[in-house]
Amino acid sequence: MKKIYACLAVVMAITSFTGCSKFLEEKVISKVSYQLYETPEGVEGALTAAYNNLRLAVNGERALTFSDAGTDLFTVGSDGDRSFNQYLATLSSLSGDVSDYWDYHYFGISQCNVTLNYLPKVAMDENRKKVVEAEAKFLRSFYYFELIQHFGNVPLILIPTDKVKTDFKRAPVKDIYATIIADMVTAVAQLPVAAAEQGRATKAAAAHLLAKIYLARGSAVSAEQKAIRGSKTTDIDSVIFYAGQVVRQEIGKYTLVPDYTQLFDIANQVNPEVVFAVQFTTTTLNNGSGNNQHLYHVPQYDAVNTKILTRTTEYGRPYRRVRPTPYVYNGLFGATRKYDSRFAKSFVWAYIANVAATGITTTAGNKIDVKPGDTAIWFTPTLYATQAEQDAATQENKRFSYFFPLNFYLPFSRNNIFPGLKKWLDKTRITANDTNGSKDWMVFRYAETLLLLAEAYGRKGEYENAAKYINEVRTRAAYKDGEMKTTQYWTFEGGSYADRTKSTVPDMQVTAAQITNNFVDFILEERGREMLGELNRWEDLDRCEKLVERVKLYNPDAQNIRDFHVLRPIPQTHIDRLIPKGPIEEEQNIGYY
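Anchor point for the sequence shown: position 154 equals 140 in this note's numbering, and the numbering is continuous, going up by one each time.
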């Protein structure tokens, strides 16, 4: 078979995919020619490859590095990528991470282009043909949407090529927005309410993505950004229309999972809150490299004292690529954290001993005996004004082997020990050292749909409506009647022990008046509380023109960030292959040449 390729990425739309649960299954095809694409099997295979390509975001550090690292919420862990987390000079066009991210997106785009180009030539059921077209346009729009948020102007390629092509020109962001919006309108119209197989795009998934695209285009503040994105006065109304279709259950029935912990339980991956997910499976043969996100938010808990705590599948393998900033504990949740169950449920606050040992010296300087089931490591988010206060608290909690108040945070000081993020943990892995995870990547979920709708109303000044949808999310986030709060509620947070099972729903509600001032910051913070670590933070900050401001305010390790960092560098590997090559200011983003 002659390979289909461009200088941007090599396209192997049929032979490059491995299987995925439900509908992505490996099929060996020999002696493949272009005529295969003119058959139902050919275009379906190309489409399957385009879906499968999405896995590349999370079977490595691509999405983590581009979407969470170096934001107001996450900073560098002891084994993390300092270039992206700290905006060093090594965050450049020569970075392998940059070219890798660029290439995998164009790989997916190429697979979509193959599908769309050959589809009209295929004899197949017309209804299915419309759905295939819609799925391919959904996926291609998703890939392009991510590219323009990070790179700005990029080549807009809508047809496949069967020969070497070297003359790629970057299309203006506004033109790409116009293209993907038109494609997404088609996708919403032609996709089914319920997919034939789990994991495929649906009408609601398309409406959700289209609402995000309109919101990104319409949330520009400066005249410069409005011109770059091609913002329309109707964009925010379009967000309300498309997100509203999902919320009003006109195109599917989606609801919030009652308990925030249950939402991220690997045994509950198929639930009514999932609008679109990239699938993985416990069948290793069909799982490729798996979902590796379970690795990156895990502290080095197994290095504190191996006499009492060794590595487990439940706590994860500690790659410690990123860690939360101090702002997460004491600003993002702030005064409401004792009422907001997401604060307790998002992190592993205590690590339990799994080995017995005698004569263990605690952080308080006491000698204690430890048995399996005892608390080995315990964190508290409480800040102490003086070292004496911290020492007193350490003494008070001498029953814990290792007690960590989180104001020990200093740049590169103990940056391997922090509460681990729970959301990605995968206890179904075969061994504690396995990197091949089977947890699905929840790309879109209903709570975000509600927040998209709320943000749109807030941007229109309709704060009553904004508060209504924010409160739907916050009601789920509150503790319910009869639900036991953590011990921190009455020991550190100032709550009453008598109220330990009392509902906090009233405490979590916001009014229109409370969100009127600085609404954009409020909604960014609410999105942070709800979707912490879910691979969308950098994009949120960037589209709101808040990236530099909030990183400087809340990330002490990333003070090197500059205005030009709102875009990533164009990979040098791409520029070097261009013939003819334009002036550097045409081919590269400002700040990187």
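I should point out that these hints are in silico values taken from the structure, not numbers from a laboratory. Just so we're clear, the structure is a prediction, and the values are computed from it rather than from any experiment. Beta carbons are placed, not taken as given, at the ideal position from N, Cα and C, and that holds for glycine. Treat the hints with care, as some may be off.
Calculated lysine-lysine pairs in the DSBU-like style (CA-CA distance at most 30 Å, straight line) [claimed, not checked]:
(1) LYS116 - LYS212
(2) LYS446 - LYS408
(3) LYS446 - LYS488
(4) LYS446 - LYS357
(5) LYS116 - LYS331
(6) LYS454 - LYS413
(7) LYS488 - LYS160
(8) LYS488 - LYS331
(9) LYS466 - LYS454
(10) LYS293 - LYS384
(11) LYS454 - LYS212
(12) LYS212 - LYS567
(13) LYS331 - LYS538
(14) LYS218 - LYS155
Estimated spans, in silico, between C-beta atoms of each pair [as the list claims (entries may be wrong)]:
(15) GLU300 - PRO244: 18 to 28 Å
(16) GLU112 - THR269: 43 to 53 Å
(17) LYS466 - ASN546: 40 to 50 Å
(18) GLU535 - GLU183: 36 to 46 Å
(19) LYS466 - ILE416: 14 to 24 Å
(20) PRO258 - PRO569: 32 to 42 Å
(21) ASN503 - THR220: 19 to 29 Å
(22) GLU210 - GLY359: 54 to 64 Å
(23) GLU183 - GLU112: 31 to 41 Å
(24) LEU74 - GLN381: 36 to 46 Å
(25) ASP65 - VAL341: 44 to 54 Å
Discussion item. When the structure is checked against the list of hints, which entries are broken? Sort them ascending.
Written reply: Violated: hints 1, 2, 3, 4, 5, 6, 7, 16, 19, 20, 23 and 25.
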